[in-house]
Amino acid sequence: MRIGDYLEIRTRRLLLTGPIFTVIYGIYNYFLFSIVFGLFGVTNSEIILRLTLVVCVSYLLGTIIEYKKSNPITRILSTISEIWKGTSLFLLWTTIAIYIVNFFIHVPIILIELLIFLFVPLIVIYSIYTALNIRIKEVKIDFEKLEEDINFIQISDIHFGSIRNKGLLNNIINEIKQINKDLSLDFLLITGDLADGSSNIDQNSFAAFKKSEIPIYFTPGNHDFYPGISNVLNAATNADVRILSNDMVVVKGVQIMGIPYGHRQLVEITGIDGEKIDPNKLLIALNHVPIGWDLFRDYGVDLLLSGHTHAGQFFPFNFFVKKVYPYFKGLYNEKDKYLYVSEGIGTLNPPMRLGTTAEMVLFRLKSTRNKKNNDEVKTK
23 MRIGDYLEIR
33 TRRLLLTGPI
43 FTVIYGIYNY
53 FLFSIVFGLF
63 GVTNSEIILR
73 LTLVVCVSYL
83 LGTIIEYKKS
93 NPITRILSTI
103 SEIWKGTSLF
113 LLWTTIAIYI
123 VNFFIHVPII
133 LIELLIFLFV
143 PLIVIYSIYT
153 ALNIRIKEVK
163 IDFEKLEEDI
173 NFIQISDIHF
183 GSIRNKGLLN
193 NIINEIKQIN
203 KDLSLDFLLI
213 TGDLADGSSN
223 IDQNSFAAFK
233 KSEIPIYFTP
243 GNHDFYPGIS
253 NVLNAATNAD
263 VRILSNDMVV
273 VKGVQIMGIP
283 YGHRQLVEIT
293 GIDGEKIDPN
303 KLLIALNHVP
313 IGWDLFRDYG
323 VDLLLSGHTH
333 AGQFFPFNFF
343 VKKVYPYFKG
353 LYNEKDKYLY
363 VSEGIGTLNP
373 PMRLGTTAEM
383 VLFRLKSTRN
393 KKNNDEVKTK
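Per the working numbering, the sequence shown starts with residue 23, numbered consecutively.
None of these hints come from the bench; they were simulated from the model. Beta carbons: idealized from backbone N, C-alpha and C, even for Gly. Check before you lean on any hint, since a few could be wrong.
[Said to hold, decoys possible] Only pairs whose alpha carbons sit at most 25 Å apart, straight line, appear in this in silico SDA-like list of lysine to any residue: (1) LYS159 x ASN173; (2) LYS91 x GLN225; (3) LYS91 x LEU111; (4) LYS107 x LEU133; (5) LYS188 x LEU255; (6) LYS345 x ASN355.
[What the hints assert, rightly or not] With beta-carbon atoms standing in for the labels, derived distance ranges: (7) ASN268 x ASN66: 58 to 64 Å; (8) PRO301 x ARG157: 53 to 59 Å; (9) PRO301 x ASN268: 31 to 37 Å; (10) LEU140 x VAL271: 48 to 54 Å; (11) GLU235 x LEU140: 41 to 47 Å; (12) LYS233 x PHE62: 34 to 40 Å; (13) PRO338 x HIS128: 23 to 29 Å; (14) ILE46 x PRO338: 34 to 40 Å.
Build out the structure end to end from the sequences listed, making use of the hints.
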């Protein structure tokens, strides 16, 4: 898909998340409040309707104002609205489970109260904590093509916007600086969805990256188009982030190429924008969506880095996401070609994770070239 196809995407998205989604969201919330209240014998439709209106109006106002002009009040409102979305899902599953069990055996009211007023809130708190707690995952791979050992970080799906913004970026940079101090990093790779689309992106949105002390390379994902791709690219460039969009750089003998979201998912092995790909050097590709790995392997990509899936973000969506994306999280190996799909470091909509982690991936690639040469010398 061409960038020009996204010129009016924010307008179309706002129309969708405005009246159309609000009606659907209202029906969903009315149904949810009805069945939850029904557990306690409350059938007052006026109360249920008022609660539904409060939820929907808060969501709609927060969304519209955030699109126009983000401010602390609308950010708080958006955060509460998104937390409620996640909470409502946990509440829905719990309530349905109670109704199913109660169909066969009587569930005591005290147990229902514990599940609704204790179990669900605890799950919500745990999910929010998990989303805020960045985990460092270490991946070690040996490559003969490497001239020397390489250490780098991959992050994906920051979703900078109304909920995740400069605070998250500062936390990321602090983690990177600590790792760099202990290990000496060569670069940072960002595999898409740096922005979210829930609020505007200005020139200084990503300024925290200037403090990273290492080179940064970024390939756009689908959400980077929502706030205006030019806004995202300008903010990234202003933060000393190098954009890889059908482009390639060579760092310490490693070829790094980026395939932007919506473009043809492949490039000819003969070159990208005039750059020749050397099949004797390690080739790392950044592609936001984890698809077409077999084709990337055929083109000589040694390590493909992706994101997008969030590994489902929270239960039970991980099962559904895995059906859509067979390679949906972690490291995959096929004939000494590798794919890593990040679970993401940010969140989409509800700032919650259950059964997944907010991850920063530390890659430690080891050169086996010298070892092989030494072995050959010893053999002689």
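Hint check results:
1. Using a Cα cut-off of 25 Å, the hinted pair LYS159 and ASN173 holds, with the two alpha carbons roughly 13 Å apart.
2. Between LYS91 and GLN225, the direct Cα distance comes to roughly 15 Å. Compliance with the 25 Å bound is thereby established for this hinted pair.
3. Pair hint LYS91 plus LEU111 does not hold up; C-alpha atoms about 29 Å apart against a cutoff of 25 Å.
4. For a cut-off of 25 Å, the pair hint linking LYS107 to LEU133 stands: about 24 Å separates their Cα positions.
5. Restraint check for LYS188 and LEU255: the C-alpha separation of about 17 Å stays at or below 25 Å, so the hint holds.
6. Between LYS345 and ASN355, the direct Cα distance comes to roughly 19 Å. Compliance with the 25 Å bound is thereby established for this hinted pair.
7. At roughly 59 Å, the beta carbons of ASN268 and ASN66 sit within the given window of 58 to 64 Å.
8. Taking 53 to 59 Å as the suggested C-beta distance range, the pair PRO301 and ARG157 does not conform, at roughly 35 Å.
9. Range check, PRO301 to ASN268: Cβ separation about 19 Å, and the 31 to 37 Å hint is violated.
10. Our hint of 48 to 54 Å for LEU140 and VAL271 holds, since their Cβ atoms are close to 53 Å apart.
11. Between GLU235 and LEU140 the beta carbons are some 46 Å apart, a value that agrees with the proposed interval 41 to 47 Å.
12. Between LYS233 and PHE62, the C-beta spacing of about 52 Å breaks the proposed range 34 to 40 Å.
13. Distance hint check for PRO338 and HIS128: the Cβ-Cβ separation is about 27 Å, which falls inside the suggested range of 23 to 29 Å.
14. Taking the beta carbon of each, ILE46 and PRO338 are about 20 Å apart, not inside 34 to 40 Å as hinted.
Checked against the numbered hints above, the structure breaks hints 3, 8, 9, 12 and 14 and satisfies the rest.
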